[in-house]
Amino acid sequence: MIEPYNKLVKLAARAFYDDLTSKGDNQPKTGRSDNRGIAVVVLDALTRRQWVREEDLAKDLKLHTKQLRRTLRFFEEEKIITRDHRRETAKGAKIYSAAVAATADATTGKEGEEKVKLHTHSYCCLDYAQIYDVVRYRLHRMKHKLKDELENKNTIQQYICPNCGKRYTAFDAPRLLSRNGEDFDCESCDGKLDVESDKLAAQEGGDGDGDENARRRRREKLKDMLQKMEVQLKPLIDQLGRVKDLPVPEFGSLQAWEARASAAGRAANGDNAGDSKSHLGYNGAPMPYSGDTKVVVDFNGTEGKGEGVKSETDSTSLKVLPPWMITSGMNLTKEQRGEVKQETKMDGTSTSTAAQYTDEKKSTIGHDDKNIQDEYIKAYYAALLKKQHELEEAAKNPQDANAADDPSSSTSIRKVGDKYKRKEDDDGTEWEEAPARGNGIGAYKVDLNVEADAPAEDDEDDIDWEEG
Amino acid sequence: MFFHIVLERNMQLHPRYFGRNLRDNLVSKLMKDVEGTCSGRHGFVVAVTGIENIGKGLIRDGTGFVTFPVKYQCVVFRPFKGEILEAVVTMVNKMGFFAEAGPVQIFVSNHLIPDDMEFQSGDMPNYTTSDGSVKIQKDSEVRLKIIGTRVDATEIFCIGTIKDDFLGVINDPTTV
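Which chain is which? The protein sequence lines are A and B, in order.
Those letters in the first sequence? Residues 22 to 489, per my numbering, in order.
Those letters in the second sequence? Residues 36 to 211, per my numbering, in order.
The reader is advised that the hints may include incorrect statements.
Result set (DMTMM-like, lysine to aspartate or glutamate): computed pairs, CA atoms no more than 25 Å apart in a straight line [to be verified]:
no., chain 1, residue 1, chain 2, residue 2
1, B, Lys170, B, Asp158
2, A, Lys244, A, Glu217
3, A, Lys87, A, Glu97
4, B, Lys170, A, Asp204
5, A, Lys31, A, Glu251
6, A, Lys408, A, Asp395
7, B, Lys129, A, Glu217
8, A, Lys168, B, Glu118
9, A, Lys213, B, Asp150
10, A, Lys244, A, Asp169
11, A, Lys164, B, Asp199
12, B, Lys116, A, Glu97
A few chain A residues that don't get close to chain B, going by computed Cβ distances all over 12 Å [stated by the list, open to error]:
no., residue
13, Ile23
14, Leu41
15, Gly58
16, Asp81
17, Asp154
18, Val216
19, Leu257
20, Gln260
21, Asp266
22, Leu405
23, His410
Here are some chain B residues the structure puts well away from chain A; computed CB gaps all over 12 Å [said to hold, decoys possible]:
no., residue
24, Met46
25, Arg58
26, Asp59
27, Lys67
28, Arg76
29, Thr84
30, Ile94
Bear in mind the hints are in silico, worked out from the structure with no lab data behind them.
Ideal Cβ placement from N, Cα and C applies to all residues, glycine included.
Turn these sequences into a full structure, and let the hints steer you where they fit.
Set out below in structure tokens:
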């Protein structure tokens, strides 16, 4: 729906603004630093966005802000874009970022600062309705000018004062008449006025030929120009015709668009877990949901993925339980067991992989499995205790039995991590599955609980056990 | 172009004119005031042709003047763009020439004078063709086309051209 209009914008940009430079008049234009055509880039970028903050656009295009502003100011004067300048705090700017995130599926949501400094942020947006009119008017004027020149009719003479540059038209003629009646004098500086001749039919040096030839050459030149113009502008004119009947894409004012976009964004993100920060933002509008807050917590020295809000709140609300309070079968987290700082003797890799699995699974599980989880964990702890007793007995036995025992336990635990992937299919009735389940869901806690138990209860060097 | 229209004006009359000839006085005052003036909207009022209606007079506070709303018919002249007029040349200079068509002044710049006419200065500056057959000087009559009008509140000024077909000198004052 918006594509034909975007194509129109692109064609118009390449037709009319391809030699626009964003450098100021005073700056030297060397071959290296010449950026003619930057206007086309800017317009193309704007076709891919709706309302955009100028700083963001400058960053995306890797342009200097001042140069971009100069270009945008030019376009504003050409009535191709609309701009809005707002004084806002950084929080207000954040609302805009959220709105952009909603429309453009960007993944970042900036955190606002707490200061209340008011900066002026400028936003700009393509104004499609005006673009259509402006382009048509421009074409009309071009054709009109050429045709007038061609037929030599109805052009009102313009005069310019060479001293002060003041311009007059033939309508001012009676005022400009000098005292001797011979020529026109400038009103302010009394300099003799010069006639401003037509630029299109520029004089050649061959006026001595006779006016006939000069006139004919001028006519030829004008006709040529008119023809070239029609041929080169044909795609643009065709696009105009195509766009004529379509409804104009309308984004509305900045406020309206922001409200709409953030509402849409909120609706899209509302299903995900997590609550949005709901304190009042700019203008009293509720702060839109700007994405899950990501918290990275170091586990066992490895970097875990961002956890859901749930785990974060869980971890902060629980207290560390002293070891004598820990009875078997309690569903406790690592912090509660006091394991936050403790270095693990377990081999980093297997636990980390298990931890990785569990982290991933954790965020996707949700609340559904909680009940099952509890049951399995209880069962698992019971099994664990049993296993530990076995180990103790095994420790008194020769080492091979220990070794024989441990690989199985380690493999079972290893299997646990693997098996967990197929959790949906498994019923969980098997002994192997249950700990798998329990391990998967609460495995994070469980693994370390196991680890905690072992040193607490066994003074032996249970290296194999921990490796599992 | 000329028009015959009805205009309205509030005339103030001094009490010395009251009496039997109140109406005549009013009309003559109107004609003196209005004829020859120009309004941007209607153009130049050429002549008052008749009085349509004179309303009830209102005595102004503080003075003895009385205000009468008068409706009158008049002939007005208003130039339009694209109109073709005959005019009399009043001044010639190298930038073009000035001509008058009745109350309105028209300027024709040299850009809109045919290319074969060159300016010749002298005590009688003129534009003349290379073979001398056509000459534009003071008091020549020309037919010209209005290409633009500038309308102020009380003044109208026009720009004209003689570059199109059938335009230019109508008769030469020297031969007449």
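For this session: Would you check the hint for lysine 87(A) and glutamate 97(A), treating anything up to 25 Å between C-alpha atoms as holding?
Result: 15 Å, holds
Exercise. Is the nearest CB of chain B more than 12 Å from the CB of isoleucine 23(A)?
Worked result: About 42 Å separates isoleucine 23(A) from the closest Cβ of chain B, which puts it past 12 Å; holds.
Exercise. Can we trust that methionine 46(B) is non-interface, i.e. its beta-carbon lies farther than 12 Å from all of chain A?
Worked result: 32 Å, holds
Exercise. Taking the minimum C-beta separation from lysine 67(B) to chain A, is that value above 12 Å?
Worked result: 26 Å, holds
Exercise. Keeping to a limit of 25 Å between CA atoms, is the pair of lysine 164(A) and aspartate 199(B) held or broken?
Worked result: 21 Å, holds
Exercise. Do the alpha carbons of lysine 244(A) and aspartate 169(A) lie within 25 Å of each other, as the hint requires?
Worked result: 11 Å, holds
For this session: Report holds if the minimum CB distance from leucine 41(A) to chain B is greater than 12 Å, and violated otherwise.
Result: 32 Å, holds
Exercise. Are all beta-carbon distances from aspartate 59(B) to chain A longer than 12 Å?
Worked result: Holds: least Cβ distance 38 Å, greater than 12 Å.
Problem set entry | 25 Å limit on alpha-carbon distance, applied to hinted pair lysine 408(A) and aspartate 395(A) | Cα-Cα ~20 Å, so holds.
For this session: Would you assess whether arginine 58(B), listed as outside the interface, keeps its beta-carbon beyond 12 Å of every beta-carbon in chain A?
Result: 40 Å, holds
For this session: Beyond 12 Å from every chain B Cβ: check whether that's true for leucine 257(A).
Result: Given a closest Cβ separation of 31 Å, the condition holds.
For this session: Given the hint that lysine 31(A) pairs with glutamate 251(A), test it: the Cα-Cα distance must not exceed 25 Å.
Result: Holds, at roughly 18 Å.
This entry does not satisfy hints 12, 18, going by the numbered hints stated previously.
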